[in-house]
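Engineer: The sequence shown begins at 3 in my numbering and counts up one residue at a time.
One should not assume that every hint holds.
Capping the alpha-carbon separation at 27 Å, the derived lysine-lysine pairs in DSS-like fashion look like this [as the list claims (entries may be wrong)]:
#, residue 1, residue 2
1, 117, 58
2, 162, 117
3, 162, 58
4, 164, 58
5, 58, 297
6, 164, 117
7, 297, 117
The calculated label-pair distances, taken between Cβ atoms and stated as ranges, are [to be verified]:
#, residue 1, residue 2, range
8, 226, 185, 17 to 23 Å
9, 39, 299, 17 to 23 Å
10, 254, 196, 48 to 54 Å
No lab work stands behind these hints, which were simulated from the structure alone. Where is the CB? At the ideal position from N, CA and C, for every residue including glycine.
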Amino acid sequence: MTRSASRLVPAILALCAAGSAAALDHEFAFAPLVLGAAPGSTPEYYVGLEASLQSKITDDYRVVHDDAALGLDGQFRAYGLGIALNTDWSLGQAPDVSRPGSHTSPGQWQRAELKLDWALEIRDPRDTSIPLLQIIPHFTWITYPHQRSYDVPGYRNYLKGKQRWFGADAWLALPIEGVEVGAGIEQNISSEWRATRGGIGGREFIQYNSLDIALWQKLNFADSEYRNTIGGKDSTGLTTLAAGARITTPVFVQDVYAFVETEASFWLSQEIRNNFRNGGQDGGDFVISVGLDYKPQ
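Given only the sequences and the hints, what does the whole structure look like? Please build it.
Structural biologist: Structure, rendered in structure tokens:
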């Protein structure tokens, strides 16, 4: 393995955004519990705060608010146990997906995501400063406070508190410096929507002068319950192909970083894309965010 810890650690600061919730989370888990490490030899705590302006809000790559939004996120981790609260607030007006013919208003709380996880890490035995494998079991609860429970008669809106995902992600570092491959799967344990989804992907960390650059690519899949509810196709298979990039740089305040992030996604099933278009939605999308992170090291 040729990766350099002095180059890798700053670069992973670029990969800390809470984007569209998906089975495989591309974020790096700071302050994991390092198995076999001596007490006090690795970071035990981590705190992160983020504020961002977003071009739209998505839920697992389905657009749910097609206008500007404000993201306010926070996370804390101690001894590998983490808690994160991610929120999105509307800044512009967009069609309300749960109230046909109505629009959202600026300042409405659109989305809330509470995530609990336990990040476990195995280090490279040849260099114990280098992460080799992260395994992250997690539970995520997602709801949309502004939306109503039914968006059409007789149909239960899955966005309104029906997402309680339990699963696990794993990221493995390759011999190429800053390159990792990962896989994740999760089951919705809500009694009203028993769906399963997963993903495989890669992420890359690059440091260029003062810029920390992160790239990621994901291929996602789901069971028939999920694909039928989201896109009207009652069969198990692939859902989306997604790729993103994030550039982070320090600013004049200590431990504060400015960033710009973009992510593009495309639904792979033509039938689902057609169903989206018939409902006034796109079968693929592009989201851009700019903001500030506070991440003390």
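Engineer: Could you work out which earlier hints the structure fails to respect and list their numbers in ascending sequence?
Structural biologist: Nothing - there is no hint that the structure violates, so all of them hold.
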